[in-house]
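Peer 1: First to last, the sequence lines map onto chains A and B. So in the numbering used here the end of the first sequence lands on 312, straight run, no missing numbers. So in the numbering used here the end of the second sequence lands on 1277, straight run, no missing numbers.
In case anyone wonders, no lab produced these hints; they're calculated from the structure. Note that CB positions come from ideal geometry on N, CA and C, so glycine has one too. Incorrect hints may have been included.
Pairwise CB distance ranges (calculated) [to be verified]:
(1) A:Leu80 x B:His1169: 44 to 50 Å
(2) A:Leu208 x B:Pro1173: 42 to 48 Å
(3) A:Val245 x B:Glu1196: 54 to 60 Å
(4) A:Arg293 x B:His1240: 31 to 37 Å
(5) B:His1169 x A:Asp165: 50 to 56 Å
(6) A:Ser147 x B:Glu1196: 21 to 27 Å
Rough simulated footprint, nothing fancy, chain A against chain B, three-plus residues with beta-carbon under 8 Å [to be verified]:
(7) 1017 to 1024
(8) 1080 to 1087
(9) 1177 to 1188
(10) 1259 to 1267
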Amino acid sequence: MSGYWTGILTVLAINIIFAYAIFLPVATGQLNLGGAGFQALGAYAAAFLSANYGLPAAVTLGAGALLAGAVGFLIAFPILRTRGVYLVLATFAFAEVISGLILNSETFGGPMGMAVPVFLDYQVPVALALVVTVFAFYLMSTRFGLMMRATHDDEVVADLLGVSVRGVQVAAFAIGGAFAGLAGGLYAHCFSFVEVQSFNALVSIYVLLYVLLGGTQTPWGPLVGAIFFTLLPEVLREVLPTVKLSLAWLLGLKGQVAAPGESWRFIILGVLTITMMVLRPEGLITRTMLERVRPGRHASARERSP
Amino acid sequence: MLLIQQLVNSLMLGSVYVTVAVAFTLTIGILNFLNFTIPTLFMLTAMVGWALANWGVPFGLSGPLPWPWALLIGILVAVVISLIIERFTFRYLKMKYGDSTEHAIPLVSSLGFLLVLENLVRLGYGTDAQRFPGPSADLTMTVFGIFFRLPQLASLIIVVFIVIGLTWLLKSSRIGRGLRAIAENPDAANILGIDTHKIVPVVFMLTGLLCGLAGALFAVNYGEVSPQMGDDIGTKAIAGMVVGGLGSVWGAVIGGLIVGLTEIMTIHFFGADTVQVAVWGLLLVALLLRPQGLFGHHAIGKGKL
Chain A
7 MSGYWTGILT
17 VLAINIIFAY
27 AIFLPVATGQ
37 LNLGGAGFQA
47 LGAYAAAFLS
57 ANYGLPAAVT
67 LGAGALLAGA
77 VGFLIAFPIL
87 RTRGVYLVLA
97 TFAFAEVISG
107 LILNSETFGG
117 PMGMAVPVFL
127 DYQVPVALAL
137 VVTVFAFYLM
147 STRFGLMMRA
157 THDDEVVADL
167 LGVSVRGVQV
177 AAFAIGGAFA
187 GLAGGLYAHC
197 FSFVEVQSFN
207 ALVSIYVLLY
217 VLLGGTQTPW
227 GPLVGAIFFT
237 LLPEVLREVL
247 PTVKLSLAWL
257 LGLKGQVAAP
267 GESWRFIILG
277 VLTITMMVLR
287 PEGLITRTML
297 ERVRPGRHAS
307 ARERSP
Chain B
973 MLLIQQLVNS
983 LMLGSVYVTV
993 AVAFTLTIGI
1003 LNFLNFTIPT
1013 LFMLTAMVGW
1023 ALANWGVPFG
1033 LSGPLPWPWA
1043 LLIGILVAVV
1053 ISLIIERFTF
1063 RYLKMKYGDS
1073 TEHAIPLVSS
1083 LGFLLVLENL
1093 VRLGYGTDAQ
1103 RFPGPSADLT
1113 MTVFGIFFRL
1123 PQLASLIIVV
1133 FIVIGLTWLL
1143 KSSRIGRGLR
1153 AIAENPDAAN
1163 ILGIDTHKIV
1173 PVVFMLTGLL
1183 CGLAGALFAV
1193 NYGEVSPQMG
1203 DDIGTKAIAG
1213 MVVGGLGSVW
1223 GAVIGGLIVG
1233 LTEIMTIHFF
1243 GADTVQVAVW
1253 GLLLVALLLR
1263 PQGLFGHHAI
1273 GKGKL
């Protein structure tokens, strides 16, 4: 496989794990806009242990995930007391505080970043992404997954039916934090370098968009969202120059046509987001859609839909 | 004396935050919608103003405009874009889909608009910071050894008048009563004869106006504009809004000033690098200890997003 494709596979695997990290809290009805903060925790924990103590990648990755999960667990109690807009803002503020602390810390290299000595090739993130995906599917099929769904759909009713709403939310938030930490650790080892600027607020926004556009009702949503939005820029990289060239030819422009800039990709992501929210706000993949697609359930799905 | 000078500086910086924070607090208080395009509108005004003052109207319709006209047109652009955003974000709040993420729709599509607008500006005007050709920087005044810049003083006065005017609008005018009724209960307001489709755009016009004004004042006062300028101001205005309490105009004023004070004092005592931690730490602590803020109401923003 060429370096180009292994690079894309690595990014894709990390994005899938990261998307599941945000999906779990969102599936219990908690928008988490602080994903980059948890990712930074995992990445810096892995980088620090690897660079200073020479620990193997398996240990550093685990430590990063554990740290982010533990921090997620600890801050879940005060943060999940807040709701709605406040929750979004609190998670956002959490990520900014983490990046601010790292930026000011000598130990972690401040704005200079840290080099990570142990390099991991694409096989490790791909394997871990598979594990995380299978785990997320399994989790959503268990009784706990059902409780998450109930919490998401109606907290009061879920509470009345004996679901520990707070417990489910905290657990989902903490597991999500651990996944984000794992994604961060993989990032550190696969790119051999961490700097706090790569875990900025826009990263949190992008990953939340992946999940919401993919759909939050089923574990298929984040998978599809992450794959689509990771591959989209690559496809656009191929297609956009051709489009621009042919437009220039149609308009009769002469001379050199400059290559389209990076900004176009984000503009297209933004336009897609707006269009999706207008046309299909519940996300690309929904429960009803899966019921229709699944073989053998056609009849029941058709009966239920009016 | 240096400390008093710093206090004056923080008041000047705070007045920009106040204007943007008031825009945030209006949309949250009335529509329960965290509008992430607000910092983008702020940036858009300044960048459009800069482009008009530097190059003039596109397609060679005019030469470079004088800066007051350029900024005025910039503010108009912000208002128009804000109305377009209303059409595609807020109108879809009342979707029929029975999923609790439905209220996230306006928030998420405002994030989409943020990406589109910011990157369009980058594409059109480049990513570099530019010098804004405003009034000369030596319009200054010294009172008892305290140093004032006249444009900053003027913008402080403008901000005070805007907030007073806005309070009057919300309290006493017919539109204001309609807006407050919508904030209380949109359905009941509709039944009682308030045309929500006509009155909701008013909020977005005010948002565009406030952000445009803040962007214009920032360009004049600090003399530098860039496509990234909204990110920093936006986050600090959000912090100010939360500290003051969501939905309260005067809360946003006090909160914006507190954030300005925190920023200048942190720089004064600890250096510029710690500002982020101080401001966001303030926000996090405020959210965890007193989520309703100094003047906020318990009910606002509690619904599922």
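Peer 1: Please go over all the hints and tell whether each is borne out by the structure.
Peer 2: Going through the hints against the structure:
Between leucine 80 of chain A and histidine 1169 of chain B the Cβ separation comes to about 46 Å, which falls inside the hinted range of 44 to 50 Å. Leucine 208 of chain A and proline 1173 of chain B have their C-beta atoms about 29 Å apart, which leaves the hinted 42 to 48 Å range violated. Judged by the Cβ atoms, the range 54 to 60 Å given for valine 245 of chain A and glutamate 1196 of chain B is violated: they are separated by roughly 37 Å. Between arginine 293 of chain A and histidine 1240 of chain B, the C-beta spacing of about 56 Å breaks the proposed range 31 to 37 Å.
About 37 Å separates the C-beta atoms of histidine 1169 of chain B and aspartate 165 of chain A, a value inconsistent with the hinted range of 50 to 56 Å. At roughly 55 Å, the beta carbons of serine 147 of chain A and glutamate 1196 of chain B sit outside the given window of 21 to 27 Å. With a cut-off of 8 Å between beta carbons, the stretch 1017 to 1024 of chain B has 0 residues touching chain A; three or more are needed, and the interface restraint is violated. Coverage of the stretch 1080 to 1087 of chain B by chain A holds. Counting CB-CB distances below 8 Å, 7 residues qualify, and the rule asks for three or more.
Coverage of the stretch 1177 to 1188 of chain B by chain A is violated. Counting CB-CB distances below 8 Å, 0 residues qualify, and the rule asks for three or more. Here's how the stretch 1259 to 1267 of chain B fares: 3 of its residues keep a CB closer than 8 Å to some CB of chain A, so the rule of at least three is met and the hint holds.
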